[in-house]
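2 protein chains.
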Amino acid sequence: MSSIFEEITFTADGLVPAIAQQYDTGEVLMMAWMNAESVAETLETSQVCYWSRSRQSLWRKGETSGQVQNLVELRVDCDGDTLLLLVNQTGVACHTGRRNCFFRALRDDELKTIADIEIDPGRLYKN
Amino acid sequence: MSSIFEEITFTADGLVPAIAQQYDTGEVLMMAWMNAESVAETLETSQVCYWSRSRQSLWRKGETSGQVQNLVELRVDCDGDTLLLLVNQTGVACHTGRRNCFFRALRDDELKTIADIEIDPGRLYKN
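Line by line, the protein sequences are chains A and B. Sequential numbering from 1 applies to the first sequence in the working numbering. Sequential numbering from 1 applies to the second sequence in the working numbering.
So here's chain A without its partners, still in its complex pose (with noise of 0.2 Å):
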């Protein structure tokens, strides 16, 4: 097992933030949370998994979409509680059907629309 364990400081709850990002645009994709288990997997694997804490279960991200992000590189913040992990985005990482989580802008005091949908969420959830 890594000692990277050892270095990264989980919440009460077992938790880590996790930032996904795109490891050769840099756009970011997307924050979840991740426990000791997730992590483990995500390293094994190399397919990122997350923790879902609505469904307190792990969450192979695109296990049902087909949006898999693969893992490039795993990084640790100076404090340990937050990790940065570089990935290889299949698809869309929004399950709205964005490309990224993020497509909400606030611009003159309202927040706007700023990304297109891209792939219908109807097809990515259609079983």
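It is worth saying that the hints were derived from the structure and are not from the lab. Ideal Cβ placement from N, Cα and C applies to all residues, glycine included. Among the clues, some could well be false.
Here are some, though not all, of the chain A residues that point toward chain B, as calculated from beta-carbon distances under 8 Å [claimed, not checked]:
{"hint": "1", "residue": "Glu7"}
{"hint": "2", "residue": "Met30"}
{"hint": "3", "residue": "Arg60"}
{"hint": "4", "residue": "Leu84"}
{"hint": "5", "residue": "Thr90"}
{"hint": "6", "residue": "Gly91"}
{"hint": "7", "residue": "Cys94"}
{"hint": "8", "residue": "Ile117"}
{"hint": "9", "residue": "Tyr125"}
Dock chain B against the given chain A, drawing on the hints supplied.
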């Protein structure tokens, strides 16, 4: 007051994670937490203000060190539970004197330091 507060889902503690990204290079600088007051101050002043969980007080980034973050754009994710701050970072974001906080990368199963100290921390916090 901006309607953005209706779109942000704060934790039970009244906080929301905020990722700071250098607006022009895409570099992920750091992740910290904000409460409603710090979001409001950030929008009013265009200088990023976080909430320090350790000090339980507003954390005006760079107030002591001079390493301020000017807000270029604020974005909200699909669930409203994470913010992405596009900023222009003066100097370095990390208290270690490195440009960003994610300077440790897992390579060959070990965390390697991949960024140099650009400013002596002793100079950043000399008072």
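Structure-based check of all given hints:
no.	hint	verdict
1	Glu7	6 Å, holds
2	Met30	7 Å, holds
3	Arg60	19 Å, violated
4	Leu84	4 Å, holds
5	Thr90	18 Å, violated
6	Gly91	15 Å, violated
7	Cys94	6 Å, holds
8	Ile117	11 Å, violated
9	Tyr125	14 Å, violated
Hint violations for this structure: numbers 3, 5, 6, 8 and 9, all remaining hints satisfied.
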